[in-house]
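K.L.:
Single-letter residue listing:
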Amino acid sequence: MKKITAEKIKEAVKEACLSIQYRYSPKMEEVLKDYMGKEEPGLAKNILKILLENSDTASENRLPMCQDTGMIVVRMTIGQEVQIVDGSLREAINQGVREAYDVGYLRKSIVDDPIFDRKNTKDNTPAIVYTDIVDGDEIVIEVAAKGFGSENMSALKMCKPSEGLNGVRQFVLETVKKAGPNACPPLIIGVGVGGTMDYAAVLAKKALFREIGEENPDERYANLEKELLIEINELGIGPQGLGGKTTALGVFIEHYPTHIASMPVVVNINCHMARHTKVVLK
Amino acid sequence: MIQITTPLKQEVLNQLQAGDLVFISGTVYTARDAAHKRMFEDLNRSGSLPFDIRNQILYYVGPSPTPPGQNFGSAGPTTASRMDVYTPTLLELGLKMIIAKGYRNDTVKQSLLKNQAVYLVAIGGAGAMLGKCVKNSEIIAYEELGPEAIYKLEVENFPAIVCWDTKGNDAYIQ
Ligand code: SF4
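In the order they appear, the protein sequences are chains L and A.
Position 8 of the first sequence, counted from 1, bears residue number 8 in the numbering used here, the numbering being contiguous throughout.
Position 35 of the second sequence, counted from 1, bears residue number 35 in the numbering used here, the numbering being contiguous throughout.
Bound conformation, chain A alone (with noise of 0.2 Å):
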């Protein structure tokens, strides 16, 4: 069983392989299509991010409500091709790993080698046990756009598994 602990260590991204299922425990950001349109917005406006990317986790997820009792509600993936265009910026601030489902474009993944980035998948349609690892969460920006808000999540053992490691392998069979 492969963990990883955040704050993420070059060295541990470097020995991922494609196809390895990892279990994840620290500090991730959420950011969806909204939210991924505001951060643009705002480094165009101000240059800066809501919040210090470099090193960071991002994890593209539309939570559902939490319900009264529970940490969080339920929180799979989403489709990450919706936020290719903006993903090798990302990067190039200093992003080291996104959690998401689904293809990346050239570009992305050639943006990912480039900066020792990885990309990882969480299993879709799993989203009360992924949500059930969510031990916090605190809204750190854009609380107005409800799901798609930028959340701050403690996490414990979130499964996800390796799509596009640092080597250029990827997961899908395509």
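Isolated chain L (complex conformation) (with noise of 0.2 Å):
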């Protein structure tokens, strides 16, 4: 059997929490520059404009992009030949959150019950976690630092089998335009289709992993994809709200088998941070 450190999980959390904060992913800032290109002369170019500014201030100054340096989601493939050694799992990866927050100058957003005093537990953890068991020996490690400002405009509808594809873009459509400016577009939508409500919630947190630019591998889903993307960026909500031609950025949709009598559809919104990576232990 294979053997993995929590000391070792501790330190790739840690570094992916950092790796993700003071830049744009490579891929991210082409497709900014992309759509910079795209944009008329006018406020919408130039609020793209300075947002490629922002991600080399920040790498220059090492101040995070954003001051809303997130909830950490980590998700967690183990294969079922690993076993982790000397320390706890979960701990380790608060850890690595805490340690992250702590030297890297990041914001501590986490508050201790969602009802009852709101107290911030000052270190930024818990770390939202999921792991799945898989076959093989390795341990892959996924980091996400999931901004509120987007995660508060996502939402959730039961459709009905009869509302089909229609139903699912509808329900999009409608949903990215009422976060409007308040999710700080540019934007990223996953989508996750299927499943139960909860699942479906999942599906639609996994879409957001997908590094921009990546498709869905089923091509009916890689269509809808595109034709969602064509269609959010018609609706001329542009950069920050202010109109453009720049509404989002991808739109990722990930599905499930579902009930016979159901068809739930979670649309989680991400803005252009999409602040994410994947560390693979072996």
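There could be a bad hint or two in this list.
[Stated by the list, open to error] Not close to chain L: a few residues of chain A, all C-beta gaps over 12 Å, as computed:
{"no.": "1", "residue": "T5"}
{"no.": "2", "residue": "K9"}
{"no.": "3", "residue": "Q15"}
{"no.": "4", "residue": "N55"}
{"no.": "5", "residue": "Q70"}
{"no.": "6", "residue": "S74"}
{"no.": "7", "residue": "N115"}
{"no.": "8", "residue": "I140"}
{"no.": "9", "residue": "E148"}
[Unchecked claim] Cut-off 27 Å, straight-line C-alpha distance, at most; resulting in silico cross-link-like pairs (BS3-like, lysine-lysine):
{"no.": "10", "chain 1": "A", "residue 1": "K109", "chain 2": "L", "residue 2": "K108"}
{"no.": "11", "chain 1": "L", "residue 1": "K122", "chain 2": "A", "residue 2": "K152"}
{"no.": "12", "chain 1": "L", "residue 1": "K178", "chain 2": "A", "residue 2": "K109"}
{"no.": "13", "chain 1": "L", "residue 1": "K278", "chain 2": "L", "residue 2": "K2"}
{"no.": "14", "chain 1": "L", "residue 1": "K108", "chain 2": "A", "residue 2": "K135"}
{"no.": "15", "chain 1": "L", "residue 1": "K245", "chain 2": "L", "residue 2": "K49"}
{"no.": "16", "chain 1": "L", "residue 1": "K177", "chain 2": "L", "residue 2": "K38"}
{"no.": "17", "chain 1": "L", "residue 1": "K177", "chain 2": "L", "residue 2": "K8"}
{"no.": "18", "chain 1": "L", "residue 1": "K49", "chain 2": "A", "residue 2": "K135"}
{"no.": "19", "chain 1": "A", "residue 1": "K167", "chain 2": "L", "residue 2": "K108"}
{"no.": "20", "chain 1": "L", "residue 1": "K177", "chain 2": "A", "residue 2": "K167"}
{"no.": "21", "chain 1": "L", "residue 1": "K177", "chain 2": "L", "residue 2": "K27"}
{"no.": "22", "chain 1": "L", "residue 1": "K122", "chain 2": "L", "residue 2": "K278"}
{"no.": "23", "chain 1": "L", "residue 1": "K160", "chain 2": "L", "residue 2": "K49"}
{"no.": "24", "chain 1": "A", "residue 1": "K37", "chain 2": "L", "residue 2": "K122"}
{"no.": "25", "chain 1": "L", "residue 1": "K45", "chain 2": "L", "residue 2": "K226"}
{"no.": "26", "chain 1": "L", "residue 1": "K45", "chain 2": "L", "residue 2": "K278"}
{"no.": "27", "chain 1": "L", "residue 1": "K178", "chain 2": "A", "residue 2": "K167"}
Everything labelled a hint here was simulated from the structure, so no lab data went into it.
Quick caveat: nothing in here was measured; it's all calculated off a predicted structure.
We put the CB at the ideal spot given by N, CA and C, even for glycine.
Relying on the hints, combine the two individually framed chains into one complex.
P.N.:
Next up, the structure:
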């Protein structure tokens, strides 16, 4: 049995948390530049330019790109041949988050209870952790720092099966329209369709871990992603909601079998930060 | 390039038009959710705020911690609608400019109009760049709230876009 220490997991989580805060991913930068090129001279173009400059300023000064440095979401797939030794997995993850938010001068944005007191935990823990056991002898750790300006504008609808493709389309467009400037467009749209009410949300979040430009392997879904992206950008909301062609940079859909009686749809909105990364421990 | 300096002048505010990109230099106070809640507790208890809000600029922000060697942390705007319930009272007390991001409700917009105040939006996600516009900062109230404390900032060429002007024009496509 392969052994991986809790310490190694902690370090990986810490490094991952720090690697996503001070610069856009190279792919994201490329996509933003493309869209900037497509905007007419004016406010929309200027805003995209400022966002790209912000990424430079952030990395040069080691300031996070955005002050909302997010809640950490970790998706782990653990090979069943792996044993985690010398410590607890959950504690290792939270310790990684704690150390990253301390040394990285990142904002601690987590409160200990959603209703009562809402006391800041002061170290940005706990993280949201999903684990999955799979074949193999490695651990894949995906880490995202999710901002809540966009998270707050996400939505769920238990559609009727008869609403079909159009139901999904309408709900995605409606949710993006409602989000408007609040979610800091340009946006990344994660859509989860199928499963149960809760699982559709898990799928929508999973979709947000995709690298920009990556398509759904199922051609029907890949086409729907492309069509939705065009339709969203035709809404004219634009960067920061002030008008323009760039409302979203990507639409990612994840799907799963569901019940004969339903078609759950969740739209999880992300902003252009799209802070996420992946580490493989062998 | 439109420059705005503090103290604010009503004539200058009246000339601003929804959609204008402006650069602000001078004094700005910060407050977000928790600070608003506390300001209202203070108002109810003692009838006054921890600072004189007349003719001031309020910026909804919860900055990231200031790293060594920097003047301030990352400091982009937070979503305004959460402050809607508090805003008309502050406008009645003489607040003249709010900087944040996102939609305001009709009550806030009408109160802005009535008090001849303006709502500007800063660029969400440009926190590092906006933080670099802060040359000086001082916590003036509710220090225990950490990033949610009220800071008095001195900013230079802080970019923002006029969203709701004194004539009631809205820069957001709704
Ligand atoms: S939605 Fe994104 S860009 Fe906007 S404040 Fe939150 S993390 Fe920053």
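K.L.:
Now, for every hint given, state plainly whether the structure supports it.
P.N.:
Status of each hint after checking the structure:
no. : hint              : result
1   : T5                : holds, 21 Å
2   : K9                : holds, 25 Å
3   : Q15               : holds, 18 Å
4   : N55               : holds, 26 Å
5   : Q70               : violated, 6 Å
6   : S74               : violated, 4 Å
7   : N115              : holds, 23 Å
8   : I140              : holds, 19 Å
9   : E148              : violated, 9 Å
10  : K109(A) x K108(L) : violated, 32 Å
11  : K122(L) x K152(A) : holds, 23 Å
12  : K178(L) x K109(A) : holds, 18 Å
13  : K278(L) x K2(L)   : holds, 20 Å
14  : K108(L) x K135(A) : holds, 23 Å
15  : K245(L) x K49(L)  : holds, 14 Å
16  : K177(L) x K38(L)  : holds, 21 Å
17  : K177(L) x K8(L)   : violated, 43 Å
18  : K49(L) x K135(A)  : holds, 23 Å
19  : K167(A) x K108(L) : violated, 39 Å
20  : K177(L) x K167(A) : holds, 25 Å
21  : K177(L) x K27(L)  : holds, 26 Å
22  : K122(L) x K278(L) : holds, 26 Å
23  : K160(L) x K49(L)  : violated, 42 Å
24  : K37(A) x K122(L)  : holds, 20 Å
25  : K45(L) x K226(L)  : holds, 23 Å
26  : K45(L) x K278(L)  : violated, 31 Å
27  : K178(L) x K167(A) : holds, 25 Å
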